[in-house]
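Participant: Protein chains in written order, with this note's numbering: chain A, 1 to 295; chain B, 1 to 295.
For the record, the hints were derived by calculation from the structure and aren't laboratory data.
Given the structure is predicted, the values throughout are model-derived calculations rather than measurements.
Please note that the accuracy of each hint is not assured.
Pairs involving identical chains hold if they fit within one copy or between any two copies, as the list cannot separate such chains.
[Said to hold, decoys possible] In the SDA-like style, the derived pairs of lysine to any residue whose C-alpha atoms are separated by at most 25 Å in a straight line are: (1) Lys108 <-> Leu52; (2) Lys105 <-> Lys118; (3) Lys108 <-> Arg268; (4) Lys108 <-> Glu162; (5) Lys118 <-> Cys68; (6) Lys295 <-> Cys81; (7) Lys108 <-> Trp163; (8) Lys259 <-> Ser124; (9) Lys89 <-> Arg99; (10) Lys286 <-> Gly237; (11) Lys136 <-> Ile12; (12) Lys118 <-> Ser107; (13) Lys89 <-> Arg280; (14) Lys259 <-> Gly15; (15) Lys118 <-> Lys260; (16) Lys108 <-> Ser284.
2 protein chains.
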Amino acid sequence: MTVTAEGSATVIINGETTRFLDIADRGLQYGDGVFTTLSVQEGVALFLDRHLARLQADARRLDIPFPCQAMLTEEVLRIACTHPECVLKIMLTRGVGGRGYLAPKPSKGTRILSAHGKPDFPKSIRESGVQARFCKIRLGLNASLAGIKHLNRLEQVLARAEWRDENIREGLMLDHEGFLVEGVMSNVFLVQDAGLRTPLLDRCGVAGVMRGLVLDSARDLGLAVEHARILPEEALGADEIFLTNSVIGIWPVSLLGGKKFPAGRVARLLTRQIDGMAARDLQSQKAGLARDATK
Amino acid sequence: MTVTAEGSATVIINGETTRFLDIADRGLQYGDGVFTTLSVQEGVALFLDRHLARLQADARRLDIPFPCQAMLTEEVLRIACTHPECVLKIMLTRGVGGRGYLAPKPSKGTRILSAHGKPDFPKSIRESGVQARFCKIRLGLNASLAGIKHLNRLEQVLARAEWRDENIREGLMLDHEGFLVEGVMSNVFLVQDAGLRTPLLDRCGVAGVMRGLVLDSARDLGLAVEHARILPEEALGADEIFLTNSVIGIWPVSLLGGKKFPAGRVARLLTRQIDGMAARDLQSQKAGLARDATK
């Protein structure tokens, strides 16, 4: 079965293979849900533990029920078996019910897993870097939602609508006060004085799983990391800039705001480190699956 | 056929009677859509012209396609015939497609009409007023989304989760800077020196249809209206406070922040005025329907 980047061949909703959801679901009515997007490679959902931990932490912050982990993992495996090379999106919503904005308590929750085709970015991008731009639309500040990968994504939709030039791979977004926060679909890191700087995500933004991997790798490599309020001018003064998400991995930025950047040493170092972690995760999950199969 | 406040007996998606939507719809994936909620009475969708005009204006701001108006009106009539007393929700999403946040251009759009039971608020509320509270969660500022009734409503969901005391009918929300903006499900007006004050909705908030009716009625009655940044302390100093939306009409606030308010003269005056407009709209739409039927 093949999947395309646009559609999805397989969707599982609450364990059932169907792509149709009751419109009363609060995920549609209010964007009342969270999600995570991960890369499936050789039939293995990469860094699944981290994705599920993040999903669970996000759901807890919004008081959205988190399903039985064994059941969720089994559904991930069903998708990964059918689509050994895909992008897997897992959504958890608060489900159906309530009176208007008032949610039922407890709520039942809905879980939706869908397989999508891997985007066909040229491999060379990881070496040569990408062109990025600054977006005009700003991110509103709300500490209650900051860091969460939730379903209210209109700001990202409007930001991504600002350009259609395919050479520009990502747009960087500032918050209401003008500080750099993230890319439309990625997190952002600056390399300065051989250390990393990355925007504080305490007032808006999404704390991505790949961002977490970069932070852990930086620690392992002995690189200092500063979480800060960063102005766009400061970003342009960095030695390197790179973008992260679970599907793209790490992308060096080669051109931003008219300024050229080297596809730098630190991004390469971290890429190698995380490629190693991914390979070990892949082998360890494969070994686990083989053990389960022979039980 | 009966409808309950929680479920919906009739749903029409793109003209077809079904309550199930493709999960690939951007309405679910990103909250990429707009909606309006209106009251159906004696088989007539009250103030339908205003609701469709608002929906169209909101859709235009987000570049979401607006369907053929005759077709949409016909679908509204189908619902209103089957459910002569209901709350009708009309949602327009950007539909299926695109690559991630990047929307297809042009997009096809999805329209969803659903009938819901009228909430069973006691009638006396319109006279005696309601108890309200201030919510802790703030509204993020984003001029690009301000005023639009869009599907990104997590702030409202979190605000409404702050209380379960049924005596408290509404929560008032402040913006990131501490200015009063609106109720969770309503707009808010203060009466001061025999004029009206209502929060500016240029940085966040939803510009409701009933709010528009109140503004027009105030003009007709010769009441001055000031659109302003209002602090909660100022609100507590008002002579009257009232809340508006298309389902509740006008609710005087009788208790807020420990302070009692009279269910005042101006709210009563505006209620009478808008009841009159509703009655005329009802008669005029009924006459139109009778004309169409005998053609």
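Participant: State for each hint whether it applies.
Facilitator: Verification of the supplied hints:
1. With identical chains, the CA atoms of lysine 108 and leucine 52 are at most 25 Å apart within one copy only, with a shortest distance of 18 Å there and 34 Å across copies.
2. When the C-alpha separation of lysine 105 and lysine 118 is checked against a cutoff of 25 Å, the pair qualifies only between copies, where the shortest distance is 21 Å, while the shortest distance within a copy is 38 Å.
3. In this homomeric assembly, lysine 108 and arginine 268 never come within 25 Å of each other (Cα to Cα): the closest approach is 44 Å inside a single copy and 42 Å across copies.
4. Within a single copy, lysine 108 and glutamate 162 get their C-alpha atoms only as close as 38 Å, which misses the 25 Å cut-off; across copies the closest is 19 Å, which meets it.
5. Proximity of lysine 118 and cysteine 68 under a CA criterion of 25 Å is satisfied in neither setting, with 28 Å inside one chain copy and 36 Å between copies.
6. Taking the shortest Cα distances, lysine 295 and cysteine 81 sit within 25 Å of each other inside one copy (19 Å), while across copies they are farther apart (61 Å).
7. For a Cα distance limit of 25 Å, the shortest separation of lysine 108 from tryptophan 163 across copies, 20 Å, qualifies, whereas the shortest one inside one copy, 39 Å, does not.
8. For the identical chains of this complex, lysine 259 and serine 124 are intra-copy neighbours only, at 20 Å inside a copy versus 66 Å across copies, given an alpha-carbon limit of 25 Å.
9. For the identical chains of this complex, lysine 89 and arginine 99 are inter-copy neighbours only, at 14 Å across copies versus 29 Å inside a copy, given an alpha-carbon limit of 25 Å.
10. Taking CA atoms no more than 25 Å apart as the test, lysine 286 paired with glycine 237 passes in neither setting, with 43 Å inside one copy and 67 Å between copies.
11. Proximity of lysine 136 to isoleucine 12 under the C-alpha cut-off of 25 Å is found in neither arrangement, the shortest distances being 37 Å within a copy and 37 Å between copies.
12. In the homo-oligomer, the alpha carbons of lysine 118 and serine 107 lie at most 25 Å apart only across protomers (22 Å), although the nearest pairing inside one protomer, at 33 Å, exceeds that limit.
13. For the identical chains of this complex, lysine 89 and arginine 280 are intra-copy neighbours only, at 22 Å inside a copy versus 50 Å across copies, given an alpha-carbon limit of 25 Å.
14. Taking the shortest alpha-carbon separations for lysine 259 and glycine 15, neither the intra-copy value of 49 Å nor the inter-copy value of 51 Å comes in at or below 25 Å.
15. For the homomeric pair lysine 118 and lysine 260, neither the shortest alpha-carbon distance inside one copy (28 Å) nor that between copies (60 Å) is at most 25 Å.
16. Taking the shortest Cα distances, lysine 108 and serine 284 never come within 25 Å of each other, neither inside one copy (33 Å) nor across copies (44 Å).
When held up to the earlier numbered hints, the structure conflicts with 3, 5, 10, 11, 14, 15 and 16 and fits the remainder.
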